Amino acid sequence: MSNKEKLYKTEDWLAVWIGFAVIAVGCLAVLTGWFDFSAVKFSTWTLGENLTEAQAAKVTALGAQLGSWVFWRKTLVTLLVLGVLFACGVKLQGESLKKYIPAFLCLFAVAFTVRLISAEFTLNRYLEWAFWALLVGLLISNTVGVPAWLKPAIRTEFYIKTGLVIMGFSVLFSNIAKFGLYGLGIAWIVTPLVIIFMYWLGTRVFKMDNKPLVITLASATSVCGTSAAIATGAAAGAKKNDLSIAVSISIIFTILMMVFEPMIIRACGMNQMMGGALIGGTVDSTGAVVVAGTALGPEAQQVAVLVKSIQNILIGFIAFFVALFFATKVNRTGSSKVGASEIWVRFPKFIIGFFAASLVASFLIQPVFGGDSVKAINGVLDQYKNWAFVLAFTSIGLDTNFREIGRQMQGGKVLWLYIIGQTFNILLTLFAVWLLLSGVVFPIPVLQ
Amino acid sequence: MKNWKKVVTWVVAVAVVAAAVYVMALRLGLADGLDFGAGAYYWADIPEAEKIFRDGVYSPSLPYWVYVVLFLAWGWLMYRLWGWVEKKSK
Numbered sequence: 000m001s002n003k004e005k006l007y008k009t010e011d012w013l014a015v016w017i018g019f020a021v022i023a024v025g026c027l028a029v030l031t032g033w034f035d036f037s038a039v040k041f042s043t044w045t046l047g048e049n050l051t052e053a054q055a056a057k058v059t060a061l062g063a064q065l066g067s068w069v070f071w072r073k074t075l076v077t078l079l080v081l082g083v084l085f086a087c088g089v090k091l092q093g094e095s096l097k098k099y100i101p102a103f104l105c106l107f108a109v110a111f112t113v114r115l116i117s118a119e120f121t122l123n124r125y126l127e128w129a130f131w132a133l134l135v136g137l138l139i140s141n142t143v144g145v146p147a148w149l150k151p152a153i154r155t156e157f158y159i160k161t162g163l164v165i166m167g168f169s170v171l172f173s174n175i176a177k178f179g180l181y182g183l184g185i186a187w188i189v190t191p192l193v194i195i196f197m198y199w200l201g202t203r204v205f206k207m208d209n210k211p212l213v214i215t216l217a218s219a220t221s222v223c224g225t226s227a228a229i230a231t232g233a234a235a236g237a238k239k240n241d242l243s244i245a246v247s248i249s250i251i252f253t254i255l256m257m258v259f260e261p262m263i264i265r266a267c268g269m270n271q272m273m274g275g276a277l278i279g280g281t282v283d284s285t286g287a288v289v290v291a292g293t294a295l296g297p298e299a300q301q302v303a304v305l306v307k308s309i310q311n312i313l314i315g316f317i318a319f320f321v322a323l324f325f326a327t328k329v330n331r332t333g334s335s336k337v338g339a340s341e342i343w344v345r346f347p348k349f350i351i352g353f354f355a356a357s358l359v360a361s362f363l364i365q366p367v368f369g370g371d372s373v374k375a376i377n378g379v380l381d382q383y384k385n386w387a388f389v390l391a392f393t394s395i396g397l398d399t400n401f402r403e404i405g406r407q408m409q410g411g412k413v414l415w416l417y418i419i420g421q422t423f424n425i426l427l428t429l430f431a432v433w434l435l436l437s438g439v440v441f442p443i444p445v446l447q
Numbered sequence: 000m001k002n003w004k005k006v007v008t009w010v011v012a013v014a015v016v017a018a019a020v021y022v023m024a025l026r027l028g029l030a031d032g033l034d035f036g037a038g039a040y041y042w043a044d045i046p047e048a049e050k051i052f053r054d055g056v057y058s059p060s061l062p063y064w065v066y067v068v069l070f071l072a073w074g075w076l077m078y079r080l081w082g083w084v085e086k087k088s089k
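Protein chains in written order, with numbering that gives the first Met the number 0: chain A, 0 to 447; chain B, 0 to 89.
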């Protein structure tokens, strides 16, 4: 295959073009207002739990959603946009459309069910789509089995790479200075140290051969859970089971940290600013950071969000350097240095797409059209990103059996790697928070 | 792995899952005013995120490029450290 052909025949580049196509149409729709490009999203519904008045106000009855014309129009738009783009990508890779299209329709129906389940009030607040996509896929593959005709649509990497390029648009570099040196110090000094510590612990102490799994779990622990695991796992060439294990462990522990970390912080008598920074630097998912910060108070919520927003920018950089590291140091054969052309061949190209999307949002769309436009565009793109990831995680579940997952846990080493790594993360972040925000060494920052 | 290590690992794993189920069953830790929870993995997943991620909460004292330089310098240093750790382990 010539270099020119690689641009439109390889999965990595096709993911970049599909991601850019979605971003371009999303920008056009929002900036001109000519048409509605929103993908379908279930509103929160309930199985009949006892909710407070404020909670009940956020709920829309499932019947009302399913009976709405707008809901089905958006479902059709989502199906057509993703179906046409992925079908073109599959065709250009030399696969049969006759086999792909019926399989994709079925996969989309399963993904639709996953999103329906994950919008339920309690399930939505704690687990949401990644967990349910894995579970539903696993249940199907380990009970009734996956029919052969469905397999052409199971293209995990293709969906993940495309979702990541779309996600790149929401990574804004301007956030880097949002909390000055305090935010940069807490979010950026600690994060790579935790990654390197966990990498050393996993590969040297626990002697785990599966380095992509170690780095995926390390990124999930130190950066921001599921999103970081997806990006880093794809960059390191992690197997589907590696990603599902890293994401599942991160999700379960995030639930506990969201609830118990604010309780412990309060019991220790830590002030809101320090508590919020500790939460922002250690709790994995962004949603859990906001909720845990809110539990401590408004100042804690602000600081937690500021620190987390800096960590979110790191996803792209970490993924980039992980891809570079694995291309040049981990996957190299022999002792000779890997040349630039070889690095280029091995480097996952969708990371370039991720960065390009981020640069366009940060230095083109935001300065020209304003921050509100970028937020509105991201409101549209976010759902396409989620759909791509739901298709990917459902594919992982459909392509996995429980025995394989058991083997990948390596006798519990993965669990202990997470627990020790997260403990190190908490202690190091606590030290950084004390150093920067206690007032002992540096002046305490003033928030508006 | 020795048997006692396996037992401890199983106990910890079961305890963690049981605690998570307990938290979900009692819907602990949720904030009434927020229409999301731990399941919002990324800031763009949060409804009306702009209200929470508003600008101007803190006024940075240094120009933007200083943060970028510090960011890249620390990243480069850590990449070198990581390479050294990998080299030592081979």
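Simulated from the structure, these hints should not be mistaken for lab results. In this text the structure is predicted, and so the values were computed from the model without any measurement. Where is the CB? At the ideal position from N, CA and C, for every residue including glycine. Some hints here could point you the wrong way.
Unchecked claim - Some, not all, of what chain A presents toward chain B, calculated at C-beta under 7 Å:
#	residue
1	N123
2	L200
3	T202
4	R203
5	K206
6	M207
7	N209
8	A287
9	P297
10	S372
11	K374
12	G405
13	R406
14	Q407
15	Q409
Stated by the list, open to error - Listed next, the in silico DSS-like pairs over lysine-lysine satisfying Cα-Cα at most 30 Å (straight line):
#	chain 1	residue 1	chain 2	residue 2
16	B	K50	A	K238
17	A	K336	B	K87
18	A	K206	B	K4
19	A	K73	A	K3
When the nearest CB of chain B is found for A/P297, is that gap smaller than 7 Å?
Where the cut-off is 7 Å and the nearest Cβ of chain B is about 11 Å from A/P297, the hint is violated.
Given A/Q409 was flagged as interface, is its beta-carbon under 7 Å from a beta-carbon of chain B?
9 Å, violated
Hint validity - A/M207 Cβ closer than 7 Å to any chain B Cβ:
A/M207 check fails; min Cβ-Cβ to chain B is 11 Å, beyond 7 Å.
Holds or violated: are the alpha carbons of B/K50 and A/K238 at most 30 Å from each other?
38 Å, violated
Taking the least C-beta to C-beta distance, is A/N123 closer than 7 Å to chain B?
OK, holds: A/N123 within 7 Å of chain B, min 6 Å.
Pair hint outcome, A/K336 versus B/K87 [Cα-Cα no greater than 30 Å]
Given that 30 Å is the threshold and the Cα spacing comes to 16 Å, the pair holds.
With a cut-off of 7 Å, does the beta carbon of A/K206 approach a beta carbon of chain B closely enough for the hint to hold?
The hint is violated - A/K206 has no Cβ within 7 Å of chain B, the shortest such distance being about 10 Å.
Identify whether the interface hint at A/T202 stands, where standing means a beta carbon of chain B within less than 7 Å of its own.
Check passed: Cβ of A/T202 comes within 6 Å of chain B, closer than 7 Å.
Once the shortest beta carbon distance from A/Q407 to chain B is found, is it less than 7 Å?
14 Å, violated
Report holds or violated for the interface hint on A/L200, using the least CB-CB distance to chain B and a cut-off of 7 Å.
Nearest chain B Cβ about 11 Å off; hint violated.
Hint check, A/G405 versus chain B [nearest Cβ-Cβ separation less than 7 Å]:
12 Å, violated
Classify the hint on A/K374 as holds or violated, based on whether any CB of chain B lies nearer than 7 Å to its CB.
Given a least distance of 5 Å, the restraint on A/K374 holds.
Consistency note: the structure conflicts with the earlier hints numbered 2, 5, 6, 7, 9, 10, 12, 13, 14, 15, 16 and 19.
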